[in-house]
Amino acid sequence: MKILRKTRFNGLRKAMQMSPEEIKEKIKKSELKGRGGSNFPTGEKIEMTMSREGVKKYIICNADEGEPGTFKDRFILKKNPLNVIEGMLIAARAINSEEGYIYLRGQYSYLKPNIEKAIQAAKKAMKKINITFNFHIIIGGGAYVCGDETAIIESIEGKRGNPRIKPPFPSRKGLFAMPTLVDNVETLANLPLIFTDKNWNDNWRLFCISGDVRKPGVYELPLGIPLKKAIQMARPKNKIKAIYFGCYGGCIPYDENLILDCEPIRKKGAMLASSLILVDETRNILDISAIISKFFEFESCGQCTPCREGNIRVLELLQKISLGKAKRKDLKLLEELCGVIGDTSLCGLGQSSVNHIMKEFKYFKNEFQEKLK
Amino acid sequence: MSSDEIGMIIDEVIKGPDGKPLLLPLLYKIQEKFGYISKNTAHEIAKKTKIPFSTIYGVITFYDMLYTEPKGKHIIRICNSPSCYLNNLVTLIKFLELLLNIKSGQTTKDKKISLEIVSCLGCCDKSPAMMINDQVYGNLNEHKIKKIISRLR
Ligand code: SF4
Ligand code: FES
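For the record, the sequence lines run as chains L and U.
For the first sequence, position 87 (counting from the first letter as 1) is numbered 107 according to my numbering, and the numbering increases by one without interruption.
For the second sequence, position 74 (counting from the first letter as 1) is numbered 321 according to my numbering, and the numbering increases by one without interruption.
Only chain U is shown next, with the shape it has when bound in the complex:
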């Protein structure tokens, strides 16, 4: 990505009292546009904002929803917390892995779908639940998952 584009995004983002952009919104904006934030991009941001590279990279790697590597076009996050666990989650994770032919943490070969096992999504009233990008799918069963995935492909 070009350094001009990064500069434009920096201009748009809300600044703290020291005049520097707040990192979370900045990094999200960059990720929105380019899918992930590479080391080079992080260096570029550091140069432009005068925020140390180590801070920027430290932040990206701290937060699960920011990525240093390219991800699939769709990111499936399936919940692995107690309420979903009590609602047949383990079987469903295995089913998803089989269906997508990847393990959790991986991306399909066609780069369409990434699968992540995550903590509670706050949808325990619809357990077992998963999110695809920013949409929630609840009360899952194998049949439902199959239908949802076929629509993604």
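The shape of chain L in the complex, shown without the other chains:
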């Protein structure tokens, strides 16, 4: 796999011969996009963080991988943590930072020794290249919402992981009120490769395929291939009915002719994520819907009403439908409620928490209707 190639600080060495401006340009030109779900151009984020000069700046490695069906960051941190650390150092050179935090999700605390070892190795290399950088590892508390870049900052600062209202963005006012670059593990792991590999391109992504398959796992695939090809690699147990893009990305009915890329999936109304959860024809969509809504109800941070209360009601309605006790008007209510939650929630968690239901309504409404009284 490309992402596992060890760069052994050669990427950093190359970056050290460049000015911060040149490093940023190189990253911008590479078109690397954030792999934590946002797909935001990394170079632009670096540029924004560079703009406030003369103040202390921080880098945060977001290792709070919590999206259901996603385990690629765990995979990278286990097999190639050194590249992640090197990526942090390259980004640090660009934005002129000397301190960084790795926020590791609580459920991954067993990866801490591996990361510490990588930091030790980095310290030796840093001495030779003559740079200083302070690493800290913070173990998260098991809250999904801390994957949000402002919630992660609150959490490191020692507060409840409630997302902040943006703006200001972390690039201006982040950790301890200083400009902060928050990047995901896979994004950082790619940074050194951009400097060492002439043929690097942003198309190669890690996908986690799981669910109704015989060979779940991490697959490195280029965007643009037929979806069918990706899915067959994981050996489905039966005919696939739907694909869920984690819990937040919504779902689409499986279509053999679809292409694995952001645009075709967006056209279908869903968001291509690293997580592909495959659901086969033996399943009832309503059951999956309830499990996902339960997840959001549980993980809502409680800061704003539409997400906190709304998801409790959503879950109640879904259960009512499941039990065959709902009428047509309940279905309408559910649809309306989803609209309100999606439109008025404060952060990405709440906004995306009803994505799946809207798409289930679009593509599998009959499964809801069949259950009506």
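Rather than coming from a laboratory, the hints here were simulated on the basis of the structure.
Just to be clear, a hint being listed does not mean it is correct.
Said to hold, decoys possible - DSS-like cross-link-like pairs, simulated, lysine-lysine; straight-line CA separation at most 27 angstroms:
(1) L:288 / L:345
(2) U:320 / L:132
(3) L:235 / U:341
(4) L:143 / U:359
(5) L:143 / U:276
(6) U:262 / L:144
(7) L:340 / U:350
(8) L:98 / U:359
(9) U:359 / L:391
(10) U:262 / L:137
(11) L:193 / L:48
(12) U:262 / L:345
(13) L:340 / L:382
(14) L:132 / U:294
(15) L:179 / U:356
(16) L:179 / U:262
(17) U:394 / U:356
(18) U:267 / L:76
(19) U:341 / L:132
(20) L:147 / U:262
(21) L:179 / U:391
(22) L:235 / U:394
(23) U:320 / U:267
Unchecked claim - Ranges of calculated distance between the beta carbons of each label pair, as one might list FRET restraints:
(24) U:280 / L:245: 43 to 53 angstroms
(25) L:301 / U:286: 44 to 54 angstroms
(26) U:290 / L:286: 47 to 57 angstroms
Stated by the list, open to error - Away from chain L, derived, C-beta distances all over 12 angstroms, residues of chain U:
(27) 249
(28) 258
(29) 272
(30) 356
(31) 357
(32) 388
(33) 389
(34) 399
Predicted model only: the values in this text are computed from it and were never measured.
No residue lacks a Cβ here, since even glycine has one placed at the ideal position from N, Cα and C.
Using the hints provided, position chain U with the ligands relative to the given structure of chain L.
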């Protein structure tokens, strides 16, 4: 726990720019040592760090992996997210509850084992999965669970 011990732990922990300890690592260290963080302990931390008690208690109650009450010696966290659900999870949770004779969220009478239903553990390639303390157990079935639990007891 004595206030000296808390003081020593505070000294060890990384500080923010205001010189106060960062709460997450501090609370984890205290929990590591004493199993949970009681209200009294939280008051003690507040006194020593000058961080308001409400902040400290708010943080402990926000994060699922920090506890205000004593837990079992072993904490079983079983995943209740879609990939595990698709791999026979519901039956396994029932099986575990029966085997331990507790409901999820509870601790066995001998204080050995607590059972929690949690969100995705990031081990969906080994669904259905659970963690006991910080170790992952995947591709679970009833037989496997029985063996794992008997080793805990
Ligand atoms: S949308 Fe949900 S998770 Fe986000 S701030 Fe509001 S309550 Fe918290
Ligand atoms: S869904 Fe169970 S570990 Fe991810």
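Now the hints, each set against the structure:
1. L:288 / L:345: Roughly 31 angstroms between the alpha carbons, so the hint for residue 288 of chain L and residue 345 of chain L is violated.
2. U:320 / L:132: holds (22 angstroms)
3. L:235 / U:341: holds (26 angstroms)
4. L:143 / U:359: violated (41 angstroms)
5. L:143 / U:276: Within the cut-off at roughly 25 angstroms; holds.
6. U:262 / L:144: At roughly 25 angstroms apart (the allowed maximum being 27 angstroms), residue 144 of chain L and residue 262 of chain U satisfy the hint.
7. L:340 / U:350: Holds, because 24 angstroms separates the two Cα atoms, which is no more than 27 angstroms.
8. L:98 / U:359: Roughly 30 angstroms separates the two Cα atoms, so the pair is violated.
9. U:359 / L:391: violated (43 angstroms)
10. U:262 / L:137: holds (22 angstroms)
11. L:193 / L:48: Holds: residue 193 of chain L and residue 48 of chain L sit about 22 angstroms apart, inside 27 angstroms.
12. U:262 / L:345: violated (55 angstroms)
13. L:340 / L:382: holds (20 angstroms)
14. L:132 / U:294: violated (31 angstroms)
15. L:179 / U:356: violated (34 angstroms)
16. L:179 / U:262: holds (14 angstroms)
17. U:394 / U:356: holds (20 angstroms)
18. U:267 / L:76: The given pair, whose Cα atoms are some 18 angstroms apart, holds under the 27 angstroms limit.
19. U:341 / L:132: Roughly 32 angstroms separates the two Cα atoms, so the pair is violated.
20. L:147 / U:262: Holds, because 25 angstroms separates the two Cα atoms, which is no more than 27 angstroms.
21. L:179 / U:391: Not OK: residue 179 of chain L and residue 391 of chain U at ~39 angstroms, beyond 27 angstroms, violated.
22. L:235 / U:394: holds (25 angstroms)
23. U:320 / U:267: violated (31 angstroms)
24. U:280 / L:245: 43 to 53 angstroms: holds (51 angstroms)
25. L:301 / U:286: 44 to 54 angstroms: 52 angstroms Cβ-Cβ, so the 44 to 54 angstroms window holds.
26. U:290 / L:286: 47 to 57 angstroms: Since the Cβ atoms of residue 290 of chain U and residue 286 of chain L sit about 52 angstroms apart, the hinted range of 47 to 57 angstroms holds.
27. 249: With a cut-off of 12 angstroms, residue 249 of chain U remains clear of chain L, as the shortest Cβ separation is near 23 angstroms.
28. 258: holds (16 angstroms)
29. 272: It is violated; residue 272 of chain U is separated from chain L by about 6 angstroms at its closest Cβ, not greater than 12 angstroms.
30. 356: holds (26 angstroms)
31. 357: Holds: least Cβ distance 25 angstroms, greater than 12 angstroms.
32. 388: holds (15 angstroms)
33. 389: holds (20 angstroms)
34. 399: Per Cβ check, residue 399 of chain U is outside 12 angstroms of chain L; nearest 18 angstroms; holds.
In summary, the numbered hints that this structure violates are 1, 4, 8, 9, 12, 14, 15, 19, 21, 23 and 29.
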